Amino acid sequence: MSKRHLLALYSNFDEAEAVVRELRNTTINGFDVNDDMIVKSPIEHPEVEEFLGDKPVYVQWFTLFGALMGGLFGFFLISGAQANFYMQMKGGKPIVPFPPNFVLTYEMFILGGVFITILGFLVCAGLPAKRSPLYSAKVSIDNIAILVNAEEAAISVLKAIFTKHKALEIQEEAGK
Amino acid sequence: MKDIREDIAWAKINQDVMKSLENPRKLYWVILFFALMAFGFGLGCEVYQYQTGMGVANLNNPQVWGLYIATFIFWIGMSHSGTLLSAILHLMHADWRKPIYRFAEAMTTFSLMTAGLFVMVHIGRLWQFYYALPYPNDRGIWPNFQSPLLWDAMAIFTYLSSSVLFLFVGMIPDLAIARDNMQAGWRQKLYTLLALGWEGTDRQWRNFRVTYLTIACFLIPLAVSVHSIVASDFAMSQQPGWHVTSFPPYFVAGALYSGCAAIITLFIILRYVFKFEEYMTLPILKKIVRLTFAIAMVWTYLNAVEFASVWYSHDQVSKDVLIQKMTGNYSPFWWGMIFCGSVVPLVFAIKRFQTNIPVLFATSLLLNLGMWLERWMIVAPTFSHGYYPWTWDHDQWPSIVQWGMVFGSFGWFTLLFLLFCKVFPSVSMYEVKEMVYHRTLHLKKSETAEQGAH
Amino acid sequence: MSVSNLLENWSQVRHEHPVNDKPHDPYKWAMAIDLDACTGCNACSVACYAENNLPVVGKEKFQHGQQMHWMRVERYWDEDGREFPDQGFQFLPMMCQQCEAAPCETVCPVAATNHTADGLNSQIYNRCIGSRYCSANCPFKVRYFNWYDYPTTENVWPAEMTQQLNPDVSVRGKGVMEKCTFCVQRLSAAKVTAKGEGRIVREGEVQTACQQACPTSAISFGNIVNPESRVHKQWAAQQVELDKDKQAKNEKEEGPGLRGYRILEELRAYPSVMYLERVRESAV
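Chains as they are written, first to last, in the working numbering: chain A, 1 to 176; chain B, 1 to 454; chain C, 1 to 284.
Please note: incorrect hints may appear among the correct ones.
Simulated crosslink set (DSS-like; lysine-lysine; CA at most 27 Å straight-line) [unchecked claim]:
hint, chain 1, residue 1, chain 2, residue 2
1, B, Lys275, A, Lys138
2, B, Lys444, A, Lys166
3, C, Lys244, C, Lys233
4, A, Lys138, B, Lys12
5, A, Lys138, B, Lys26
6, B, Lys287, A, Lys138
7, C, Lys22, A, Lys93
8, B, Lys319, C, Lys246
9, B, Lys189, A, Lys130
10, B, Lys319, A, Lys138
11, B, Lys445, A, Lys166
12, C, Lys244, A, Lys93
13, C, Lys244, B, Lys319
14, A, Lys166, B, Lys12
15, A, Lys93, A, Lys3
16, A, Lys164, B, Lys444
17, B, Lys351, B, Lys287
18, B, Lys351, A, Lys138
19, B, Lys19, B, Lys275
20, C, Lys246, A, Lys93
None of these hints come from the bench; they were simulated from the model.
Every value quoted in this text rests on a predicted model; they were computed, and no experiment measured them.
Turn these sequences into a full structure, and let the hints steer you where they fit.
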């Protein structure tokens, strides 16, 4: 069972949307619309998310975890370090004073949040990524690309759909 | 007045911005040369001071802080408007920020780096700088977390690293464009590495959107906290003229003010040097000018509040410091600050000048001069008229070494900034496309609506 | 582990000093300076230079305000329309007030200045990175910064003078802050001797250099916890309490009728030096 990639380029979102809708409504053997299709676009376009259907984003959970951990770590690192510093009194203030520790905890909260969000972004978006088998530099200009991965049998059906919606160009992975 | 055309070809956006990486106008090299000279001079001053001792800066007891701390606040302040444009306006869906936020964000990063230098040149034993870092060691010795200076260090580290990451994440799609459009060479290798294999897939964009939004949400309170903490360096002390409750908001307003003025200056320079007339349009400039005017008035108000609260508090010592600022040796600078900070921005209220580039350029420079004077007038007068009578009227004039490093810092900032603009796209290509796309959609909608009405 | 340490000693790490707190025990070093006895001869200042290896910076740097006199004698006069206003001026010897809640301590980024168990405001030269925040926040401006590397500077200690350098006191390099220590080297030596003999330091056993040099005995110094000490008796007689930012005696309507006061007491730094006001014509 060998699978092949197919890439179609479109000049605007409406055409791409029509293709995606048609693919979602047709059952094609050897092609699963949820797993085997990727839409590439030059800009962030919320409609893409709409017509592709709900796909979850988990970055915010990384953020929550990172921020909480950053804050907790910050507070205990600082308070622990103050209690450890030969319990040295300064300026009539308690050895573990809350207002300064709050300020630093706040900063560590944000630091942890930002760092772990970035980590979450890299993990969730799968970056750094290997380049996909078919790519056109036109995507970085103004074209919208639809990349599918399908069984040999489904390729011709997919190609027909792509052509029907006036694909500018169709790239094909060489058969194995 | 031409705004960005909605029918501009997306390929042309790519081309125009990519061109800026290759052939800027000659002025670019002229500025770069002067920046290098200024930086070299500043570096020479620092080497001399490092070898000889802080005394060559002509600091003394009681004037232990000089231009270094004043200029440090200035640079920290300047960084705040990058965040204003990139984060606050992002949350508010202000599309006009899109062509200009990239360079503003770069300005944030580099002015923070410049501010960091002043922490270094200011301390007496630079070679022991690492004592201030909280690193675990077998003797259990830690820095003093009660010190506002340490909060500063922590806040600036957080702000700098978050800003760099924010700048980088926002640039990934553009780096991919650069990767796809660059001939083979070191640049292409660099862009390929930094683009992390970005291909604009739906999964990438989806996570990108959430990430960008999240970091923007973090950056706003962070930026506010950074300058409040810098204000705490003063407000947390006991000295008259510093121990002021309204300092944190006052500092934040001042920060946004000088940052916006700097954005106008850099906008005008970049627009000319990199031929960005098509993207950095006058209507956008007009919007920043109006924003700056509003912030200038907020600053003026907070200034007045500070003076009034000192005046009516009958805290005699603080009052004396204020009187001494107005009438003492520092009075020309103090009145200069009032003039540049509160009177000059009135130019922005005149519609005719809101798009007049030479006027705006000169005004924005004057505003920043005023803001620099403001920082100096916060730091210096308190030292020459503090609580203790022995300190009164010990005047101190900064030596050439201090001035040299202040000029050097401008050189260093300009150097970093210009190099950045030459190596990385300083106008966000994918976001200009988004902006253009949104406008086209908007136009289409209104057309359909019109047709429907007929 | 430091976090367990934190939890175990919770009450200790949260306690505040000096208000509503027991005084340092067995030692709390304090001073009293009688301005009526002070003649402004500057012997204290000179003694301090000799004892603490203070660099003599020379005219030019003095003019720049870079002098290092830990003990300085200030002059004040009334501007009451006299022909020579500085006629009849008064003196005020000023040095680090060893505050119980020192403003300089909280702001040091590297914890180079701390409150010691015997009530001093210590300065750790080796730890100092020279941010000078302590000086900026000192209400009395009694902290001095090493603007140059004085030990290697010419004429700071001319050749024959190096013989008089005090071996008990370290010489400070460039870029660190320094200030009056209440001659901590003498205090340490006395404490070590006393400890060896199983007792605490007796009154009069230890003197600061300035106290020792004062020809009119205007300066008294000692352990204020010891009720036998002169400094304790003076503070008690003047009704000046260490842990108050407002002395009860000043609240009386008829006025205190006592000479003792502390400088800038209202800032709540709780200085350890009490001054005895000069008896002036105008005050009689």
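- prompt: Hints broken by the structure, by number, lowest first?
  reply: 5, 6, 10, 15, 18
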